[in-house]
Amino acid sequence: MLDVMYFAWVRERIGLPREQVDTEATTVADLVQELSAREQRYALAFADLAALRVAVDQELTGFDAPLAGAREVAFFPPMTGG
Amino acid sequence: MLDVMYFAWVRERIGLPREQVDTEATTVADLVQELSAREQRYALAFADLAALRVAVDQELTGFDAPLAGAREVAFFPPMTGG
Amino acid sequence: MGRVRIQSEPFDPGTELEGFGAGADVGAVVSFTGIVRGAGELARMEIEHYPGMTEAAVGKIVAEAEARWALADCLVIHRFGPMQPGERIMMVATASRHRAEAFAAADFVMDYLKSRAPFWKKEFGADGEAWVAAKDADEEALRRW
Amino acid sequence: MGRVRIQSEPFDPGTELEGFGAGADVGAVVSFTGIVRGAGELARMEIEHYPGMTEAAVGKIVAEAEARWALADCLVIHRFGPMQPGERIMMVATASRHRAEAFAAADFVMDYLKSRAPFWKKEFGADGEAWVAAKDADEEALRRW
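Protein chains in written order, with our numbering: chain A, 1 to 82; chain B, 1 to 82; chain C, 1 to 145; chain D, 1 to 145.
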């Protein structure tokens, strides 16, 4: 079971801030594909991966990152702090 | 009549902060020579011009600056503000 | 040494700077304050963040600044939630023996906060609402360091 | 727009920063505070200046900063007279729409204050007294601009 979180417009497009996902995905990219296949709102949110960032267990990483042992994955647009 | 001012260690070496000087000097360099010829404390203070800065009428300038119309000349070491 | 506060409440830079760096032999204190712009056009801004990751990410940025420069103190305060134009969003303060270090560290922390701390700004105006887009220049700024 | 205060009295940066840049559509406020170092070694520092020229020279530096960057406000406070280690010597504050401008302008003003404003520092320690020497690096720093 993976905690999947969405922030900013990713959250708005998918329509929820977090959910528990029962998945066998081994990488972030696999998880994205799995979610995109579910419903159109996911497919739309993940349509352009270049516009997205991902964190696994609160560490920024790439879409090829492995999910072995991961508890939390978060998707969001580029950050605008400061 | 020229108001001549000294700051920091120049003031300490010459022994006074300002004086009125009756001079025909046409440049700052001439004035320096005239003062240096007066007494040793002036000669000592002006021994190394590279270690000195000069302002004519409160504007930084060079030792070749003309004194025509000047009312105030100040000698001091490089500034250490901030 | 460094201190990080992520909060929704307003803060007062003057109060934060009181005694900042005192005790250490500090010669230079630099502070940066970021303020919501858009008076007259913007109704409000809302900042979303990623609780947990935010504190960790900002803490890492501060630790990196402390590894690069000899800082006596480094403080980051960053707000989230709704804010009006004119309100303060965040501040960075650095204290060091020398000016160059304090300036560089504050600039570095700001550059990294812009694109490595999980905050997202949304603007609400007369024309509706829109997420603030990250600038390519912000990402490029990181290459300075 | 810019404001210059040359004074012997202490000042409080928090008070000075209260409402600084307010009213203009300011997004960034940068402040620098310079403090007397040398706690434990230095009995005191004394700053001599050239009344009249000081105000004019610092005013020119501020005007130059305002010509180069779009500043909503720029404040310089510089003290003279005797000071203890830990006491504030001076501060610069800049307010602008954007961060880069506010940082650059504060840095520029500091560089010019160092070697173009008629102040001279003298340190009084256990070993006696000595005028602080200007650094070649301070003069070289001006070439950045």
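These aren't lab readings, by the way, just hints derived from the structure by calculation. Don't be surprised by glycine CBs; every beta carbon is placed ideally from N, CA and C. Careful: at least some of the hints might be erroneous.
Stated by the list, open to error - To give a feel for the contact side, a few chain C residues facing chain A, derived at Cβ under 8 Å:
1) Arg3
2) Val4
3) Ala56
4) His78
5) Met83
6) Leu113
7) Ser115
8) Ala117
9) Phe119
10) Lys121
11) Phe124
12) Gly125
Each hint tested on the structure:
With 8 Å as the threshold, the beta carbon of Arg3(C) stays out of range of chain A, its nearest partner Cβ sitting at about 17 Å, so the hint is violated. With 8 Å as the threshold, the beta carbon of Val4(C) stays out of range of chain A, its nearest partner Cβ sitting at about 12 Å, so the hint is violated. A hinted interface residue such as Ala56(C) counts as satisfied when its beta carbon comes closer than 8 Å to some beta carbon of chain A; here the least separation is about 6 Å, so the hint holds. With a cut of 8 Å, the hint placing His78(C) at the interface with chain A holds, because the nearest CB-to-CB distance is about 7 Å.
About 14 Å separates the beta-carbon of Met83(C) from the nearest beta-carbon of chain A, more than 8 Å, and the hint is not met. Residue-level restraint check for Leu113(C) holds (minimum Cβ-Cβ distance to chain A is 4 Å; threshold 8 Å). For the restraint placing Ser115(C) at the interface with chain A, the shortest Cβ-Cβ distance is roughly 6 Å, inside the 8 Å limit, so the hint holds. A distance limit of 8 Å between C-beta atoms decides the matter here; for Ala117(C) the minimum to chain A is near 4 Å, and the interface restraint holds.
Look at Phe119(C): its Cβ gets to within about 4 Å of chain A, closer than 8 Å, so that hint holds up. Because the smallest distance between the Cβ of Lys121(C) and any Cβ of chain A comes to about 5 Å, under 8 Å, the interface hint for this residue holds. Restraint check, Phe124(C) versus chain A: the minimum CB separation of about 14 Å is more than 8 Å; hint violated. At a threshold of 8 Å, the smallest CB-CB gap from Gly125(C) to chain A is about 16 Å, leaving the interface hint violated.
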